[in-house]
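Each chain, letter by letter, is given below.
2 protein chains.
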Amino acid sequence: MRGEFDLIAELFGPLAAKFPGALGLLDDGAIIRPRPDRDLVITKDLMVAGIHFAKDDPADAVARKLLRVNLSDLAAMGAEAIGYTLGFAAPPDIDIEWIRLFCRGLDQDQTIFDLSLIGGDTVQTSGPLTLSLTAFGDVPTGQALKRSNAQPGDKVMVSGTIGDGYLGLEVGHGMWPGISVEHRMYLIERLRIPEPRISLGISLRGIARGVADISDGLVADLGHICAASRTGAIVHADQVPLSSAALAIEAIEGPGLTSGLLSGGDDYELLFTIDPDDHARVSDLGKKCGVAIAEIGQIVNTEGVQVVDAGGQTIKLERSGYSHF
Amino acid sequence: MRGEFDLIAELFGPLAAKFPGALGLLDDGAIIRPRPDRDLVITKDLMVAGIHFAKDDPADAVARKLLRVNLSDLAAMGAEAIGYTLGFAAPPDIDIEWIRLFCRGLDQDQTIFDLSLIGGDTVQTSGPLTLSLTAFGDVPTGQALKRSNAQPGDKVMVSGTIGDGYLGLEVGHGMWPGISVEHRMYLIERLRIPEPRISLGISLRGIARGVADISDGLVADLGHICAASRTGAIVHADQVPLSSAALAIEAIEGPGLTSGLLSGGDDYELLFTIDPDDHARVSDLGKKCGVAIAEIGQIVNTEGVQVVDAGGQTIKLERSGYSHF
Chain V
1 MRGEFDLIAE
11 LFGPLAAKFP
21 GALGLLDDGA
31 IIRPRPDRDL
41 VITKDLMVAG
51 IHFAKDDPAD
61 AVARKLLRVN
71 LSDLAAMGAE
81 AIGYTLGFAA
91 PPDIDIEWIR
101 LFCRGLDQDQ
111 TIFDLSLIGG
121 DTVQTSGPLT
131 LSLTAFGDVP
141 TGQALKRSNA
151 QPGDKVMVSG
161 TIGDGYLGLE
171 VGHGMWPGIS
181 VEHRMYLIER
191 LRIPEPRISL
201 GISLRGIARG
211 VADISDGLVA
221 DLGHICAASR
231 TGAIVHADQV
241 PLSSAALAIE
251 AIEGPGLTSG
261 LLSGGDDYEL
271 LFTIDPDDHA
281 RVSDLGKKCG
291 VAIAEIGQIV
301 NTEGVQVVDA
311 GGQTIKLERS
321 GYSHF
Chain C
1 MRGEFDLIAE
11 LFGPLAAKFP
21 GALGLLDDGA
31 IIRPRPDRDL
41 VITKDLMVAG
51 IHFAKDDPAD
61 AVARKLLRVN
71 LSDLAAMGAE
81 AIGYTLGFAA
91 PPDIDIEWIR
101 LFCRGLDQDQ
111 TIFDLSLIGG
121 DTVQTSGPLT
131 LSLTAFGDVP
141 TGQALKRSNA
151 QPGDKVMVSG
161 TIGDGYLGLE
171 VGHGMWPGIS
181 VEHRMYLIER
191 LRIPEPRISL
201 GISLRGIARG
211 VADISDGLVA
221 DLGHICAASR
231 TGAIVHADQV
241 PLSSAALAIE
251 AIEGPGLTSG
261 LLSGGDDYEL
271 LFTIDPDDHA
281 RVSDLGKKCG
291 VAIAEIGQIV
301 NTEGVQVVDA
311 GGQTIKLERS
321 GYSHF
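Read top to bottom, the protein sequences are chains V and C.
Just so you know, the working numbering puts 261 at position 261 of the first sequence, and the rest follows in order with no gaps.
Just so you know, the working numbering puts 74 at position 74 of the second sequence, and the rest follows in order with no gaps.
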C-alpha cells in the first residue's frame, strides 16, 4: 500500500523531527506545551493551485509564500512563531519531485523563522492542489495586537513599500516591458516571497493600536481596521511609500497607477495606528527592525477610508481590495 | 463587493460569537488563552467533496462528520475540546443554502461538545468543495495519550462496535437489501455521524498505553500503534464486538465479511492497550462513559498485526486499511 503514512513519513516527517510535540507526525494529533503567561495565536490561510499560485510556480516559492502569509498574520498580532500544521489535498498525478521541492522551501523558511511543522493531513482530490496552513505563535498574556483598537486622532503608519506585490503580478503578465531587469526581478520576488514583519510586530506590542497586515490591499485592510474600531481614516496617497521599482513604473504610467498600488494587495507589510506622541519611538523601532516606517494618514471619526492627493482632493479607487470569494 | 468578509461575517460569524479569542472572525488570527498546567492538543482533517463525502450528502451531516473525526482524534489523545478553525475552499457556484445548512450542523455539534469556531479562511476553488478543519483541545501537562506506549503483554481493547461505518457505506451503495430498515438506518447513521469518545478518552488518561482512534480500519490503526510502539499484536476476530445490524449481515454473508469489518475504517471508536491488571477498572470506565469496552487481543513482541479466528488460524485480510492517498 502506497499510503498516506508512507508519504507523510518520507517527505514531511523530517520537517517535524525537531519538535517533540509533533510526535513524528505518527500520532492522532500534535502537542504544544504553552509557555507560562502566554496567549496562543492561531492563523489560517488556504492556497489553491490556479487561483492563489500558478501551476508552474516553483514549488519551494509556493511553500514559502503559504508559510509567510500566515507568519505575516502572526506578525500583525505581535506573535512569535512556534509551528504550523499543513493540510495537503493533492491530485493523484502530483509529481513527487514537486512535493520534494515544496518541502525544501518549507525547510528553508523553518530555519529562517525558527519554527516547525507539527502535524497535518494528506488527502487526495479530484481538483487542483489545495493547501491549508494553520500557524501557531504566542504573545505575553493579553498583549496580542488587534485591529479593533484604532482611535480618532491616531496616525496611520505602514512598514516597507506598498504596491510591489500588485506590480509583481502585472509585470509577470508582461506589463511595462521597458523597466529594468533588476526592477522586474525585485517586483516578482516581492510577490513570490513576502517578508513577514515578525520582529516589527513584536516591537509594536503595547504601542500600536489598530493593526493588520496588508493582504487584501492597503485601503481594504485599513477599512477592516476602521470597521473593527468603529472609526474612519484619511490616507494621503502621496505619502504612501513606494519602492524604486514602483517609482520607475509610476514615471511611465502616471497618477493612474495609484488605484492599483493602494488596492492591489499581497504587500504583507504591517499597517497600524499609533498615538501621535509615539511617532519618534516608532520610527526608531523601524530602524531597529531594519524596515522603514512611514506615516500615511490619520484615523478620523467619520466612517470609511478616504484617499486624498497632495492637493487634498479625493481619489476614487477602482476597487477597494482583492476579493477572495 | 460580495467579499470573503461579508460571507464570513454573515454565516460563520455567529458560530464564533461566544469565544472572545475568535475576535468576531474579523482579525488576522484567533487567540487561545491556555489554562495553567495544560498541554494544547491539535488535530487536522481534510474532507473533499466526491472523495470523503458525496455531493448530495446533507450539508449538516458533512459538517458534523468533519468536526467529529477531529474530535475523535482529540479523544484518542485524552483531550478536552476547546475550538476549531475552518478552511473552506468552495467552487464559485456553491449554493448559499448549502453553507447555511452546513453552519447549522456545526452549531448543533458546538452545543453538544461545548466548543467554538475560532477562526478560518474562505477561498474560491476551481475544484470540488474542500474542507480543512483544525481542532484544539487540552490535557493536563504531560498526560496526552499517545500511540507509542503499547507494551508486550498488554491487552488490546476497543470501544463500541466495529465495522458499522464500512457496512454503512456498502448498504448506502445498495448492498444487502434484505436487512431491516432499522438496521440500514443505523449503519448509515454510524457512517454519517460518528460518535467521538471524548469522555472515554479523558477517563483513559494515566491508564491506556498505546491509543488511537479507528479511522483507517481496526487492523491498520492497530498497526500504527504497533509501529509507534515497536511491538506487534494478535487480534481475535471472534472477540471483535459487532452491532446487531452487523450480526444480521454476517448471518447472510458468512465469515467472508470479517475482512471488511476489520479493515473498512470510519469506526471512530477508541482502540487502546492496557496493563492486564487494569482490565476491571477499564470495563467500569466504559460503563461510566456509556460505551461498551471489549478485549480483542494482545500486544506481542513480534512485528505486525496478526488476525486469528476462534480456532487460532490466521485470517488473511484483503487489505489492511483505507488508503487516503
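Think of the hints as simulated: they come from the structure by calculation, not from any bench.
Since the structure is predicted, the reported quantities are computational estimates derived from the model, not experimental observations.
There could be a bad hint or two in this list.
[As the list claims (entries may be wrong)] Quick look at which bits of chain C chain V covers, simulated, 3 or more residues with Cβ under 8 Å:
#1 29-37
#2 44-51
#3 73-82
#4 117-123
#5 194-205
#6 212-225
Quick reminder that beta carbons are idealized off the backbone N, C-alpha and C, glycines included.
### Task
Tell me, in ascending order, the numbers of any earlier hints that this structure violates.
5
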